[in-house]
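In the order they appear, the protein sequences are chains A and B. Going by the numbering used here, the first sequence opens with residue 1, and the numbers climb by one from there. Going by the numbering used here, the second sequence opens with residue 1001, and the numbers climb by one from there.
These are computed hints drawn from the structure, not numbers from a lab. Positions of the beta carbon are idealized from the N, C-alpha and C atoms, including for glycine. Hints are not guaranteed to be accurate.
To be verified - Going by beta-carbon spacing under 8 Å, a handful of chain B positions derived as facing chain A:
#, residue
1, Val1004
2, Ser1028
3, Lys1042
4, Leu1044
5, Ser1046
6, Leu1049
7, Tyr1076
8, Leu1089
9, Lys1104
10, Gly1110
11, Asn1114
12, Pro1117
To be verified - Heads up, simulated PhoX-like pairs for lysine-lysine below, C-alpha to C-alpha not over 20 Å straight-line:
#, chain 1, residue 1, chain 2, residue 2
13, B, Lys1104, A, Lys57
14, B, Lys1001, A, Lys57
15, B, Lys1042, A, Lys9
16, A, Lys70, A, Lys57
Claimed, not checked - Computed far set for chain A versus chain B, every beta-carbon distance over 10 Å:
#, residue
17, Thr7
18, Arg11
19, Gln17
20, Met27
21, Gly53
22, Asn73
23, Ala92
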Amino acid sequence: NAGVTQTPKFRVLKTGQSMTLLCAQDMNHEYMYWYRQDPGMGLRLIHYSVGEGTTAKGEVPDGYNVSRLKKQNFLLGLESAAPSQTSVYFCASSYGTSGRIAETQYFGPGTRLLVL
Amino acid sequence: KQEVTQIPAALSVPEGENLVLNCSFTDSAIYNLQWFRQDPGKGLTSLLLIQSSQREQTSGRLNASLDKSSGRSTLYIAASQPGDSATYLCAVRQEARLRDNFNKFYFGSGTKLNVKP
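Put together the whole structure using the sequences plus the hints.
In structure tokens:
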């Protein structure tokens, strides 16, 4: 049971380049989330998904797109990277949104992205 | 918009000391509050989740309390150990409003704890 995995672990991009971050979970969770963590600002929700084929915007969605074609995978895309997107990106998943057990989020190890 | 504040930003204590970490939030219309631990270069691990109707939750040496009306939560760590050294984050799940039926999360920036041997 690998839990939540993220690839790549680290990436350097030039301004304007595109890339996709992959998140995979093997716990059969319905809900998946993408966050970014910046120094002194805590985590902020970018996009989330409440099930296969569904996605929705979080707190800071601009400049990002997501897809949930398979239940176990949640992809985060940057179409044209900007220096302001330099951050650590975390993926998380949970069973659902009701009850203590269902709501516990399991986090991946993070992807460090540097945009020059 | 909900704002979550954690004070202090960093804390250093000798091993064996009992300590309290603080979390405050501006909007009391929360669904629940969670405390997480984050080790350097790692993701977050959920420690305790308190529903809005509850006052506290306990797990081992950890006890989290919630005072929803005053917008405060505390994480009490008893008999601290060097292995407790990490960053502790609190997060509130906001009640859904109007047509937005998803309870949004808001995280504090964390308290970095160092427990000295």
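Comparing the hints with the structure gives:
{"no.": "1", "hint": "Val1004", "result": "holds, 7 Å"}
{"no.": "2", "hint": "Ser1028", "result": "violated, 19 Å"}
{"no.": "3", "hint": "Lys1042", "result": "holds, 6 Å"}
{"no.": "4", "hint": "Leu1044", "result": "holds, 4 Å"}
{"no.": "5", "hint": "Ser1046", "result": "holds, 5 Å"}
{"no.": "6", "hint": "Leu1049", "result": "holds, 5 Å"}
{"no.": "7", "hint": "Tyr1076", "result": "violated, 19 Å"}
{"no.": "8", "hint": "Leu1089", "result": "holds, 7 Å"}
{"no.": "9", "hint": "Lys1104", "result": "holds, 7 Å"}
{"no.": "10", "hint": "Gly1110", "result": "holds, 7 Å"}
{"no.": "11", "hint": "Asn1114", "result": "violated, 18 Å"}
{"no.": "12", "hint": "Pro1117", "result": "violated, 27 Å"}
{"no.": "13", "hint": "B/Lys1104 <-> A/Lys57", "result": "holds, 10 Å"}
{"no.": "14", "hint": "B/Lys1001 <-> A/Lys57", "result": "holds, 16 Å"}
{"no.": "15", "hint": "B/Lys1042 <-> A/Lys9", "result": "holds, 11 Å"}
{"no.": "16", "hint": "A/Lys70 <-> A/Lys57", "result": "holds, 18 Å"}
{"no.": "17", "hint": "Thr7", "result": "holds, 14 Å"}
{"no.": "18", "hint": "Arg11", "result": "holds, 15 Å"}
{"no.": "19", "hint": "Gln17", "result": "holds, 24 Å"}
{"no.": "20", "hint": "Met27", "result": "holds, 13 Å"}
{"no.": "21", "hint": "Gly53", "result": "holds, 16 Å"}
{"no.": "22", "hint": "Asn73", "result": "holds, 17 Å"}
{"no.": "23", "hint": "Ala92", "result": "violated, 8 Å"}
Hints 2, 7, 11, 12, 23 from the list above are not met by this structure, while the remaining hints are.
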